[in-house]
Amino acid sequence: MKTKIVIIDDHQLFREGVKRILDFEPSFEVVAEGDDGEEALEIVETHKPDVVIMDINMPKVNGVEATKQLIEANPETKVIILSIHDDENYVTHALKTGARGYLLKEMDADTLIDAVKVVADGGSYLHPRVTHNLVNEFRRLATANGQASSQPLQPEIRRPLHILTRRECEVLQMLADGKSNRGIGEALFISEKTVKNHVSNILQKMNVNDRTQAVVVAIKNGWVEVK
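To convert, take the position in the sequence shown, counting from 1, and add 376; that gives this note's numbering.
Hints should not be assumed to be uniformly reliable.
To be verified - Below are the DSBU-like pairs computed for lysine-lysine, each with C-alpha atoms no more than 30 Å apart in a straight line:
hint, residue 1, residue 2
1, 596, 569
2, 424, 395
3, 380, 572
4, 380, 493
5, 380, 395
6, 444, 395
7, 395, 378
8, 572, 378
9, 444, 493
Unchecked claim - What follows is a set of in silico ranges between Cβ atoms, one per label pair, in the way DEER data are often shown:
hint, residue 1, residue 2, range
10, 538, 436, 24 to 30 Å
11, 418, 576, 22 to 28 Å
12, 399, 461, 25 to 31 Å
13, 448, 468, 15 to 21 Å
14, 461, 565, 17 to 23 Å
15, 377, 534, 39 to 45 Å
16, 424, 387, 38 to 44 Å
17, 546, 596, 17 to 23 Å
18, 436, 461, 18 to 24 Å
19, 562, 392, 16 to 22 Å
20, 474, 389, 47 to 53 Å
21, 598, 433, 22 to 28 Å
22, 463, 400, 28 to 34 Å
23, 534, 436, 17 to 23 Å
Just so you know, the hints here were simulated from the structure itself, not pulled from any lab data. We put the CB at the ideal spot given by N, CA and C, even for glycine.
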């Protein structure tokens, strides 16, 4: 069965661009569009989508408030927020309302498609740069709480070579650095397809659903350097 998608964005040209990208994926079907959070609830009730792609800045009812209303009425609704803001306050506020994903509008087509697939499967997906900013916030809070006041947060990095290959460890570190698949490929001189294979292997070996969870687990275990 195809993944049914609703797009809510008040900028028609951007919305059409997103729809065009999604239409190229055979497993996706855009079933409806809207231009304001106020009508999002009605659209979702009518079309019962698997994933809602929601702009954060809209007139009348913004994307965060609309997401809150949607999930209160339809707890199974999976929402991906679109935003121009990479500040962790925006991200955490959106996630607290129940959003499963957070993408920056500068995303490329592969990132959008990957995000929809991950969220539709029950995982969560953050834009790579957002992940990097949250890692920095994690480090700041740890320092503020006295966990790293007298010594570095991670004086010794213990690579998870018991479950990952050396190449997979390199890819995991770059995920924590906030690099996209394309950025990882360019840094390691490998194709994006090879990067995707490495990421899939990492998720399977670490027993996590998505790259964001992989980064969180890696940080907690001291497997990556927090820069």
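The hints, checked one at a time:
For the given pair, residue 596 sits about 28 Å from residue 569 by alpha-carbon distance, which is consistent with the 30 Å threshold. Taken as a hint, the residue 424 and residue 395 pair is honoured in the structure, with Cα atoms around 18 Å apart against an allowance of 30 Å. Restraint check for residue 380 and residue 572: the C-alpha separation of about 24 Å stays at or below 30 Å, so the hint holds. This hinted pair checks out: residue 380 and residue 493 have alpha carbons roughly 11 Å apart, not beyond 30 Å.
Distance check on the hinted pair: residue 380 and residue 395 sit about 12 Å apart at the alpha-carbon level, within 30 Å; holds. This hinted pair checks out: residue 444 and residue 395 have alpha carbons roughly 24 Å apart, not beyond 30 Å. Only pairs whose Cα atoms come within 30 Å are accepted, and residue 395 paired with residue 378 is accepted, the gap being roughly 15 Å. Note on residue 572 and residue 378: the hinted pairing holds, with a Cα-Cα distance of about 22 Å set against a maximum of 30 Å.
For the given pair, residue 444 sits about 22 Å from residue 493 by alpha-carbon distance, which is consistent with the 30 Å threshold. Between residue 538 and residue 436 the C-beta distance comes to about 53 Å, which lies outside the given range of 24 to 30 Å. Taking the beta carbon of each, residue 418 and residue 576 are about 38 Å apart, not inside 22 to 28 Å as hinted. For residue 399 and residue 461, the hinted distance range of 25 to 31 Å is satisfied, since their beta carbons lie about 27 Å from each other.
One distance hint, 15 to 21 Å for the beta-carbon pair residue 448 and residue 468, holds here, with the actual separation near 19 Å. Here the CB-CB span from residue 461 to residue 565 is close to 33 Å, at odds with the stated 17 to 23 Å. Evaluation of the 39 to 45 Å hint for residue 377 and residue 534 yields a pass: the beta carbon distance comes to about 43 Å. Distance hint for residue 424 and residue 387: a CB-CB separation of about 25 Å, inconsistent with the stated range 38 to 44 Å.
Range check, residue 546 to residue 596: about 19 Å between beta-carbon atoms, so the 17 to 23 Å window is met. Look at residue 436 against residue 461: about 19 Å separates their beta carbons, and that is inside 18 to 24 Å. Under the hint 16 to 22 Å, the C-beta atoms of residue 562 and residue 392, about 30 Å apart, miss the expected range. Look at residue 474 against residue 389: about 28 Å separates their beta carbons, and that is not inside 47 to 53 Å.
In this structure the hint that residue 598 and residue 433 lie 22 to 28 Å apart at CB is violated, the actual value being about 38 Å. For the pair residue 463 and residue 400, the supplied restraint of 28 to 34 Å holds, since their beta-carbon distance comes to about 31 Å. For the pair residue 534 and residue 436, the supplied restraint of 17 to 23 Å is violated, since their beta-carbon distance comes to about 51 Å.
Violated hints, in rising order: 10, 11, 14, 16, 19, 20, 21 and 23; the structure is consistent with all others.
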